[in-house]
Amino acid sequence: MYIPHFNLITDKKEAISFMQRYSFATIVTSVNGLPEATHLPFLVKEENDKLFLLSHFAKANPQSAQIIDNTSLVIFTEPHAYISPKHYEKEENVPTWNYIAIHAYGKAVIIEEEDKKAELLKHTIESYDTGYLQQWEKLSDHYKSKMMKGIVAFEIEVTDLQAKKKLSQNKSEIERENIINSLSKSTDSNEREIAAYMNKSKH
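Following the working numbering, the numbering of the sequence shown begins with 1362 at its first residue and continues without gaps.
Any given hint could be a false lead.
Straight-line C-alpha distance at most 25 angstroms; calculated DMTMM-like pairs for lysine to aspartate or glutamate [to be verified]:
id: 1; residue 1: Lys-1468; residue 2: Asp-1549
id: 2; residue 1: Lys-1420; residue 2: Glu-1480
id: 3; residue 1: Lys-1420; residue 2: Asp-1490
id: 4; residue 1: Lys-1447; residue 2: Glu-1536
id: 5; residue 1: Lys-1527; residue 2: Asp-1549
id: 6; residue 1: Lys-1406; residue 2: Glu-1536
id: 7; residue 1: Lys-1525; residue 2: Glu-1439
id: 8; residue 1: Lys-1478; residue 2: Glu-1536
id: 9; residue 1: Lys-1420; residue 2: Glu-1375
id: 10; residue 1: Lys-1468; residue 2: Glu-1375
id: 11; residue 1: Lys-1478; residue 2: Glu-1375
Label-pair distances were calculated between CB atoms; the ranges are [as the list claims (entries may be wrong)]:
id: 12; residue 1: Asp-1476; residue 2: Glu-1538; range: 49 to 57 angstroms
id: 13; residue 1: Tyr-1363; residue 2: Lys-1546; range: 26 to 34 angstroms
id: 14; residue 1: Leu-1500; residue 2: Glu-1538; range: 48 to 56 angstroms
id: 15; residue 1: Asp-1430; residue 2: Asp-1549; range: 14 to 22 angstroms
id: 16; residue 1: Ile-1364; residue 2: Glu-1538; range: 37 to 45 angstroms
id: 17; residue 1: Asp-1521; residue 2: Ser-1562; range: 38 to 46 angstroms
id: 18; residue 1: Glu-1397; residue 2: Asp-1521; range: 28 to 36 angstroms
id: 19; residue 1: Ala-1398; residue 2: Asn-1542; range: 23 to 31 angstroms
id: 20; residue 1: Leu-1369; residue 2: Met-1508; range: 35 to 43 angstroms
id: 21; residue 1: Asn-1422; residue 2: Glu-1453; range: 45 to 53 angstroms
Read the hints as simulated data drawn from the structure, not as lab findings.
The beta-carbon is built from N, C-alpha and C at its ideal position, and this holds for glycine as well.
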C-alpha cells in the first residue's frame, strides 16, 4: 500500500485497535494472476508480540482452498469522508478523501481439530453477539458438529502490517480545524467518525 511518511501509523497498538473495532474485513488471494476476495468477520489477537487473524470460510467457497501455501492479504477499513476544497485557505486546491486502512499479510494455517474450530466459533460469538452464546451452547453436539463440517477455519500469523491514516496531516492547522468542524456536524456517521479520528490525532 502506498503510504506517504506523514500518513504512516507507527503505533502497532493503534493499528490493532482499529482492526479490532472494524473487524469485518476483506481477505484477498491470487491464483494464476487472478485476484479473489471474500468479506469475513475476523478475530484479531496479539500473543507474545505476534499478531494473529482468525476466521472461517464456507467450505463451498473455492477461495478456502486458495489460502493454503499462499500469502493472503486482509484489508481492514471502514470510516471515510470526502474532503471538499472549500475547507482550504488557498483556492488552488482539489478534492480528496480521508480514511484509515490497514493491510495485513501472512500465510494461513487451516484449523482442522474440531475442538479448536468450536473454540473459534465460541470466541467469534462472544465478540459479535454475546446474547446468542447461551443459545449456541444449548445446541446439540450433533448439530454443532454438522455446522463445523461446513466451514474451513483458519489462522493467519501477520508477517507484514501496513497501516495508514490519511487525515489531512499535510494541511495547515486552520484547514484541519475547518474539516473537523464541518465533518463533526454531518448527518453521515462515517464523516463524524473521521472527524473524531482527526481530533484524536491532534493529541
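To see whether the hints hold, each was checked on the structure:
Only pairs whose Cα atoms come within 25 angstroms are accepted, and Lys-1468 paired with Asp-1549 is rejected, the gap being roughly 37 angstroms. At most 25 angstroms may separate the alpha-carbon atoms for a hinted pair to count; Lys-1420 and Glu-1480 meet this at roughly 18 angstroms. Of the supplied pair hints, the one linking Lys-1420 and Asp-1490 holds, its CA atoms being roughly 23 angstroms apart against a limit of 25 angstroms. A threshold of 25 angstroms between alpha carbons decides the hint, and for Lys-1447 with Glu-1536 the separation of about 9 angstroms falls inside it, so the pair holds.
Using a Cα cut-off of 25 angstroms, the hinted pair Lys-1527 and Asp-1549 holds, with the two alpha carbons roughly 18 angstroms apart. Of the supplied pair hints, the one linking Lys-1406 and Glu-1536 is violated, its CA atoms being roughly 37 angstroms apart against a limit of 25 angstroms. Between the alpha carbons of Lys-1525 and Glu-1439 the distance comes to roughly 12 angstroms, so the proposed pair stays at or under 25 angstroms and holds. Taken as a hint, the Lys-1478 and Glu-1536 pair is broken in the structure, with Cα atoms around 50 angstroms apart against an allowance of 25 angstroms.
Between Lys-1420 and Glu-1375 the CA atoms are separated by roughly 33 angstroms; this puts the pair beyond 25 angstroms, and the hint is violated. A distance of roughly 23 angstroms separates the Cα atoms of Lys-1468 and Glu-1375; the hinted pair therefore holds under the 25 angstroms criterion. A C-alpha spacing of about 29 angstroms is found between Lys-1478 and Glu-1375, which places the hinted pair above 25 angstroms, so the restraint is violated. Separated by about 54 angstroms at the C-beta atoms, Asp-1476 and Glu-1538 satisfy the suggested range of 49 to 57 angstroms.
At about 31 angstroms, the CB distance of Tyr-1363 to Lys-1546 agrees with the hint of 26 to 34 angstroms. Distance hint check: the CB atoms of Leu-1500 and Glu-1538 are about 53 angstroms apart, consistent with the given range 48 to 56 angstroms. Taken as a hint, the range 14 to 22 angstroms is violated for the pair Asp-1430 and Asp-1549, whose Cβ atoms sit roughly 42 angstroms apart. Take Ile-1364 and Glu-1538: their Cβ atoms lie about 24 angstroms apart, and the range 37 to 45 angstroms is violated.
One distance hint, 38 to 46 angstroms for the beta-carbon pair Asp-1521 and Ser-1562, is violated here, with the actual separation near 24 angstroms. Our hint of 28 to 36 angstroms for Glu-1397 and Asp-1521 is violated, since their Cβ atoms are close to 20 angstroms apart. Separated by about 36 angstroms at the C-beta atoms, Ala-1398 and Asn-1542 break the suggested range of 23 to 31 angstroms. Roughly 41 angstroms separates the CB atoms of Leu-1369 and Met-1508, a value that falls within the hinted 35 to 43 angstroms.
In this structure the supplied range 45 to 53 angstroms holds for Asn-1422 paired with Glu-1453, their Cβ-Cβ distance being about 49 angstroms.
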